[in-house]
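Sequences are here, hints too, so could you generate the full structure?
So you can see what is in the structure, the chains are spelled out below.
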Amino acid sequence: MLTRLAGGRVIDPAHQRDGIGDVWIRDGRIVESPPAPAAADATYDASGKIVMAGGIDIHSHIAGSNVNTARLLLPERHAMTGGWATFATGCLYAKMGFTTVVEPAVAPHYALHAHLELADIPIIDKAMLAVLGNDDFLFGLMHKRESAAAMRDYVAWTLATTRGLGIKVINAGGAEAFKSNVRAFSLDDVVPHYGMTSRAIVKALQQAVHELGVPHPLHVHCNNLGLAGNAETALATIAAAEGLPLHLAHLQFYGYGTEGKRGFSSAAALLAEAVNATKSVTIDVGQVMFGPTVTISSDVLRQFNARNAARPRKWVIFDGDANGGGVVPYEYRADDFYNAVQWAAGLELFLLINDPWRVFFTTDHPNGAPFTTYPDILALLMDRDRRAEWIAKLPPEAVALTTLPSIAREYTLGEIATMTRAAPARLLGLADRGHLAPGAVADIAVYAEQADRAAMFRDAALVFKDGDLVVRDGEVTSIRYGRALTVRPDFDQAIARRMRAYYDERYGISPDVMAVPDGAIGRPDPFELVPCAS
Amino acid sequence: MGDAWISGKPATLQAACAEAARLLGASRFPLIAGLGTDMAGARAAITLARRLGAAVDHMHSAALLKDLDVMRDAGWMVTTPGETRVRADCLLLVGTALTSAWLELPRRLLAPGTEAARRVVWLCPGREVARSLAKDTHVNAHAHVEVVGGDEADLPIVLAALRARVAGRPIGKTPVPQDAIDALAGNLQSARFGVAIWSAASGIDALAIEMLCGLVKDLNAKTRFSGLPLPPGDNAAGVLEACGWTTGYPVRTSLRAETDALHDPWRFDASRLVDSGEADCVLWISAYRPAAPSWTRDVATIALSSPDTRFRRPAKVQIAVGRPGGDHDSVEHVAATGALGTMVAAAPSAAVSVAQVISDITAALPAGA
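Sequence lines, in order, name chains A and B. With the first sequence counted from 1, adding 3 to any position gets you the working numbering. With the second sequence counted from 1, adding 8 to any position gets you the working numbering.
To be clear, the hints were calculated from the coordinates, so they are not data collected in a lab. All residues carry an ideal CB built from backbone N, CA and C; glycine is no exception. A hint or two may mislead.
[Unchecked claim] PhoX-like cross-link-like pairs, simulated, lysine-lysine; straight-line CA separation at most 25 Å: (1) K396/A / K264/A; (2) K317/A / K230/B; (3) K282/A / K206/A; (4) K264/A / K206/A; (5) K317/A / K225/B.
[Unchecked claim] Not close to chain B: a few residues of chain A, all C-beta gaps over 12 Å, as computed: (6) Q19; (7) R80; (8) A152; (9) A153; (10) E214; (11) A325; (12) D339; (13) N357; (14) R387; (15) V402; (16) R412; (17) D471; (18) I524; (19) D528; (20) L532.
[Said to hold, decoys possible] Derived coverage of chain B by chain A (criterion: at least 3 residues anywhere in the stretch with Cβ under 8 Å from a Cβ of chain A; other residues may be distant): (21) 87 to 96; (22) 251 to 257; (23) 343 to 350.
This is the structure:
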């Protein structure tokens, strides 16, 4: 079947395309225009509309045991994202024109659980990042000064076992330190008993991921999240990239200085400057928006320290086999000094980092805000007058400690398409996504051009997933189930035998129990392999 | 060998599924209960419940919700069986039914070599366990277990006294001498990483669990301590997770269209729904063992269970299903890891799985049902 999207404004920054034209679909892929346009089996009129590739979200906590704990902890917030169970998650993303979403924090022992949840999210494709950096085996490798090859094998074995798309490290060594009753842990602090610094863990994982040819660089959740003055930690981590690729997650939560009478200010401008100057580093923002939400993080130390801020006053702290996690409900308020600084710091990062290929669009869902706020954030980025209206409602003493009012920049539609489509596909190594050239997967979002950008991005006019129409005028029209994207770098099989012996000795179990076989997922063709660089 | 029956008479699987679909399709308010099944069976059952507008409940909901009510009212700090094994230098075993909730507990947590110099205290284990510990039997062979308190009934007041002493507050008379309470309070505070272990399937009540979880939180002001709730069997913990991610709520939830769910622990209690006559058709699932429902009222029942299940009232339709992890591969909650895990069939057989039977029933539903 040949489908034609006719006469829309096609914005495809991966190919410097921005103009009125057609997009053609056959068998789930984008194809060249046929010589005779009359040949289309179906034609959709896209005139007056914007045509982009489907959106890609690189960091959104949509599945896994910590997310599910949040659901069970907060039945009263069920309606937070229009019902935040798996079915609604897929539908709500699709309505906004997003077609691929990455769950960024899965402990290897919970990978099977996470994949079962991901499998029940309809329409979109999914992926997950496996979390290392607070695990005894890795500490053991480093403590015994084993080779870089041993580290690579372990990382590759973890990716193969968990069926992940990449590796994330979360407060490297911090969860382990917390188990030894350490209550603060920074980049050059030493993990008790094992003796290596947080920095050394990040560097070892960064190197292993890079050498394995995994497309997505190491995804780093830095130390000291949320604390006044933590911009220093982020700057030190950016400097630690040392020319190799490194992705820093939800940088807004590290954008704080110590100015002002409360000792809390935005240092986002400083961070943006460092990111602009450090070409091997990418970041996502983790924008805060005002309203009730829940924070879900594998940074168990940070969540424990934040427990008394819980609204309502209940929280869960989980000491896991490695990272664990914490679930702390929270409400960001526009009249709260600290929350106002956080909101402004996020927008400063978006607006002051000048390369839309290196700044990624996230709220760290649901930590900064539910993903359903994306349309409002896009509108703020594209309209300085709209920002001024919001700023006018914030505590002036908070605004004074940011540079936001002075920033005139407005994102163009092309920059939005880069940040939410072309760049994420490139960052994750998804060569056939995030663009509209022949050969690409036909994941396409069509928006009705209108002055209210929030309304425009909230309800896509048309969304195609693998060439199938799934959304029309903001309503889901058909349900299908996507795949999970994975990588599988080569490794020496000796590591599998070694892991078997390790699990038997330490836990008295076989690592097979945590495996994620295709047959366990309960959907046909549940996985799609993304190639690694050789 | 027969594996399906309609009104007690052998039938083909196809005919039994068709009859089950007819009964469920004609029902005013169907109920899916028992739910002793693996993750595939649970996901299939929830999908069917949405199609039918049915309520879902698990045979161990009372225990599940005891823990969950503490968690969602007050929060808690918990850890894994693995972390307890490799790190805990102090185990506080609380109440009864621990080794029945987790048969491998002594081998995994109390065996020599799991942690040097681990202190093990058992609070109110009940007279029987206390006597057997004194006689140095099974459990005690692995590690020295110190017993504080006797009857399970003493647990609420002993826990309250312990929490008060940890907080430095005075206490009145308790069934345990204050010296023993004070000594234990001191030992908990001097632990480096302690773990309190309990089973909600025992007689412990929700207030005592909340007291215990509050004690754990208090201990974390100065040291590290965590909790390890032992879930009930029949994959109750796994079914709870599946219900959570597919509906946003735990079991005892009524489902309709894809995003429509109503959770009410009283209203959607399976026994109450049957005894009150509100539910007029039940799909009963017990794939791990021949468990029968506890209610006595006659209600149209479709049972997916082992063929030797003894029902108080005969089921209208009975279909023999395989045991997850026995007859067929399964994904289910694994006690040793505290997570969902893959279980390879121990003795693969041709017995059908719950997920397969539900798929067949769903396919046979009348249009519009």
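Verification of the supplied hints:
1. K396/A / K264/A: Judged against 25 Å, a Cα distance of about 21 Å means the pair holds.
2. K317/A / K230/B: holds (20 Å)
3. K282/A / K206/A: holds (17 Å)
4. K264/A / K206/A: At roughly 37 Å apart (the allowed maximum being 25 Å), K206/A and K264/A break the hint.
5. K317/A / K225/B: holds (12 Å)
6. Q19: Holds, since 41 Å exceeds 12 Å.
7. R80: violated (9 Å)
8. A152: Given that every Cβ of chain B is farther than 12 Å from that of A152/A, nearest at about 27 Å, it holds.
9. A153: holds (22 Å)
10. E214: holds (30 Å)
11. A325: Answer for A325/A: violated, closest chain B Cβ roughly 9 Å.
12. D339: Holds, since 22 Å exceeds 12 Å.
13. N357: Given a closest Cβ separation of 40 Å, the condition holds.
14. R387: Nearest chain B Cβ is 37 Å from R387/A, so the label holds.
15. V402: V402/A clear of chain B: closest Cβ-Cβ about 34 Å, beyond 12 Å.
16. R412: Its Cβ never comes within 12 Å of chain B, the nearest being 38 Å, so this holds.
17. D471: The claim stands: D471/A keeps its Cβ more than 12 Å from every Cβ of chain B (closest is about 18 Å).
18. I524: Given that some Cβ of chain B is not farther than 12 Å from that of I524/A, nearest at about 9 Å, it is violated.
19. D528: At roughly 17 Å from the nearest Cβ of chain B, D528/A sits farther out than 12 Å, so the non-interface label holds.
20. L532: holds (20 Å)
21. 87 to 96: Holds, because 7 residues of the stretch 87 to 96 of chain B bring their Cβ atoms closer than 8 Å to Cβ atoms of chain A.
22. 251 to 257: The restraint on the stretch 251 to 257 of chain B holds, since 6 of its residues have a Cβ under 8 Å from chain A and three suffice.
23. 343 to 350: Coverage by chain A holds for the stretch 343 to 350 of chain B (6 residues, Cβ < 8 Å).
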